[in-house]
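Number of protein chains: 2
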Amino acid sequence: MSARIFNFNPGPAALPLSVLEEIQAEFLDYRGTGMSLLEISHRSKPFTDILNEANGRVERLLGLTEEYHVLFLQGGASTQFSMIPMNFLNMGATADYINTGAWSNKAIKEALLLKRRVNISASSEDRNFCYIPKVFKFTPGAIYVHLTSNNTIKGTQWADYPDTGGEPIISDMSSDILSRPFNIRPFGMIYAGAQKNLGPSGVTLVVIRQDMVERVQDPLPSMLSYKTHVDKNSLYNTPPVFGIYVIGLVLKWLEETIGGLTAMSRINEQKAALMYDYMDENGFYTPTADKDSRSLMNVTFRLPNEDLEKRFVDEALSNGLGGLKGHRSVGGCRASIYNAVTLEAVETLVNFMKEFARANG
Amino acid sequence: MSARIFNFNPGPAALPLSVLEEIQAEFLDYRGTGMSLLEISHRSKPFTDILNEANGRVERLLGLTEEYHVLFLQGGASTQFSMIPMNFLNMGATADYINTGAWSNKAIKEALLLKRRVNISASSEDRNFCYIPKVFKFTPGAIYVHLTSNNTIKGTQWADYPDTGGEPIISDMSSDILSRPFNIRPFGMIYAGAQKNLGPSGVTLVVIRQDMVERVQDPLPSMLSYKTHVDKNSLYNTPPVFGIYVIGLVLKWLEETIGGLTAMSRINEQKAALMYDYMDENGFYTPTADKDSRSLMNVTFRLPNEDLEKRFVDEALSNGLGGLKGHRSVGGCRASIYNAVTLEAVETLVNFMKEFARANG
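Here the protein sequences line up with chains A and B, keeping their order.
As numbered in the numbering used here, residues 1 to 361 make up the first sequence, in order.
As numbered in the numbering used here, residues 1 to 361 make up the second sequence, in order.
In short, the hints are calculated from the structure, not lab data.
Wrong hints could be hidden among the right ones.
You can't tell identical chains apart in this list, so a pair holds if it fits in one copy or across any two.
[As the list claims (entries may be wrong)] Here are the computed lysine to any residue pairs in the SDA-like style, where the Cα-Cα straight-line distance is at most 25 angstroms: (1) LYS109 x PRO219; (2) LYS106 x ARG266; (3) LYS252 x THR262; (4) LYS227 x ALA102; (5) LYS45 x TYR30; (6) LYS252 x GLU26; (7) LYS310 x VAL135; (8) LYS232 x HIS327; (9) LYS45 x ASN319; (10) LYS45 x ARG328; (11) LYS354 x ASN105; (12) LYS134 x ILE120; (13) LYS45 x GLY320; (14) LYS291 x ASP160; (15) LYS227 x LEU114; (16) LYS252 x LEU61; (17) LYS354 x ASN282; (18) LYS115 x LEU220; (19) LYS45 x ALA345; (20) LYS115 x ALA93; (21) LYS109 x TYR236; (22) LYS109 x LYS232; (23) LYS310 x GLY34.
The whole structure should be built from the sequences, with the hints applied where relevant.
Structure representation (structure tokens):
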């Protein structure tokens, strides 16, 4: 082991060190097969076991009933933005969308590109997306309501999901999936690009309820139909084998080393509190999101000026703290503290922030 | 290093051992970044360098002019089957398809699902796809002709591509990409799932000519438009970072260790000749493809009966030769001898075949 940094990247992001070490150790000969995992058939027993185990862990961690299907797809959340209206939204029917920033906006844009009818049930655009809306106008008879559970760019996150009165929620959970327990019953579908809380980029986790599968509009291109992937258990074509394997190891770490979502959530709350409490008290750093909408995953903040922000990011990196630059569209600073970012990493960051504030305050 | 087997898997398939060792060595700390490659941002300099270098290597290896764009996408060849007609084929216009087996068929099926007009220019279905057609009926004014360059299941491969009189060829080259030099000029687009000759599953290489990009029908879902990916140089959304990195290393091995496509082709011909020459001469094993249509990548053959075939596959595996079972849809045996399968591996296989024939002949 050489000098690993503390990694606050927004995604692709930090992975548990123990998982990386396990992958490295078995990289040339996967568990006695005489092959690297990269060289193994997706129809072989070793990979079937990996896939089934990963499915089972998602089911247990999310408390899924048999009504829900677990899929591992490709193309990122961006492909889901199109697949959702293609699969569920008849021409002429309406879907509700809640707009909390860039990613919600992209989902809306793709539905409109497909000429589907979209109602914006709520938006926080009036204050530059620094909060999560509390008032909604749901459309009677709407097929679904779409929301982004956590906004990486603006550093906001839903504390509680809205009561939609039975209208299925579809949620992009790319940046906070499996970071805390939640009740999945109101959700018709959730999806997440893996590269923040689950594993490497190139895999999308989709959890879909059977009644949504039954709504799927035929005929769709095979790869764009959820039905295809449900029928074939994510094996319609060659899946991203390595990515699913890494996700399986991360899920195992989450269940067996961390102890599940309640334990994970406690650690995540502790990490976020360390940062927000210090910033609220000190005043040199200003969190950008409203207090009741703050993300436990992406802590976004400003320093007194842009020169200081640049110096902060650079000096942090020379102190072994990487990935603290804000998104290019908004500037400022951001610490992404996903599941795999340790309490030690956040403590080290807060100590650095204190020193930097003393030296530059 | 423990006991690595000789791997004849049809895909995911063998990778060069030196590439696997390099990945393993830098797995926890990618070149002094203090992070695993899995944890690195796709907008970072290290990954930008990886992507640019991989692009450049594809350009050099294929001898591409500036007219061609290199893309790394997701979703496998199966997604391309739909994207091709969606992007290029207006309702009412015609595309020619040549049917040489299961994969060609899937491409045709997806075009028909989209209600596009398809003309079958040639087919080898009359003799169960054991040969490559030599007579074609191209449609005047057709937008493109689609063909599968190598057929993994039936073990056939185009020796020379047809003269289409200027009609752009689009080819699924998943199973023989970069295995030999060829003239790319007649091709409007080629594409290949990575998991046979390029790297791990989960990345699709697409090489597309500018005049084809200009044909793209607006508006398409963003992720399904070639224009999106050309405009953003494969970075419209988070790409499969790890897969592209591995591909980059395989391309480097191909250029620098092997010495390019002419050298690779010579080795591939030598490997295939070892197998076919022995089988033609001995008679115990029967190659399934016509002589002039035989694949240099997937050598398909039968033994005198199914019991012997099963015993052959099992005994080979206990002798460290894996992946020799034929595709589940056709049975028999198959040795996939892609670029990364060494001459030594094939020699060992042929020696085993000789012993097995002696013992069971």
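Query raised in the report: How do LYS252 and GLU26 come out at 25 angstroms by Cα distance, when the copy is not named: within, between, both, or neither?
Result: both (16 angstroms within a copy, 24 angstroms between copies)
Requested in this report: Check LYS115 against ALA93 for me: Cα-Cα at most 25 angstroms, and say if that holds within a copy, between copies, both or neither.
Outcome: both (11 angstroms within a copy, 23 angstroms between copies)
Requested in this report: Indicate which option fits the pair LYS45, ALA345 if close means a Cα-Cα distance not exceeding 25 angstroms: within, between, both or neither.
Outcome: between (38 angstroms within a copy, 23 angstroms between copies)
Report task. Using 25 angstroms as the alpha carbon limit, work out where LYS134 and ILE120 are close: within a copy, between copies, both or neither. Result -> within (14 angstroms within a copy, 57 angstroms between copies)
Query raised in the report: Which holds for LYS310 with GLY34 at a C-alpha limit of 25 angstroms: within a copy, between copies, both or neither?
Result: This pair counts as between: shortest inter-copy Cα distance 21 angstroms, intra-copy 49 angstroms.
Requested in this report: Indicate which option fits the pair LYS45, GLY320 if close means a Cα-Cα distance not exceeding 25 angstroms: within, between, both or neither.
Outcome: between (41 angstroms within a copy, 17 angstroms between copies)
Query raised in the report: When no copy is specified for LYS45 and ARG328, does a C-alpha distance of 25 angstroms or less occur within a copy, between copies, both, or neither?
Result: between (44 angstroms within a copy, 15 angstroms between copies)
Query raised in the report: How do LYS227 and ALA102 come out at 25 angstroms by Cα distance, when the copy is not named: within, between, both, or neither?
Result: Intra 29 angstroms, inter 21 angstroms, cutoff 25 angstroms: inter-copy only.
Requested in this report: Check LYS227 against LEU114 for me: Cα-Cα at most 25 angstroms, and say if that holds within a copy, between copies, both or neither.
Outcome: Classified as both: same-chain Cα gap 20 angstroms, cross-chain 17 angstroms, threshold 25 angstroms.
Query raised in the report: Using 25 angstroms as the alpha-carbon threshold, which applies to LYS354 and ASN282: within, between, both, or neither?
Result: Intra 9 angstroms, inter 79 angstroms, cutoff 25 angstroms: intra-copy only.
Report task. Check LYS310 against VAL135 for me: Cα-Cα at most 25 angstroms, and say if that holds within a copy, between copies, both or neither. Result -> Neither, since 37 angstroms and 66 angstroms both go past 25 angstroms.
Query - Alpha-carbon proximity context of LYS106 and ARG266, limit 25 angstroms - result: Neither: 32 angstroms inside a copy, 49 angstroms across copies.
Violated hints, listed in ascending order, are 2, 7, 11; each of the other numbered hints is respected by the structure.
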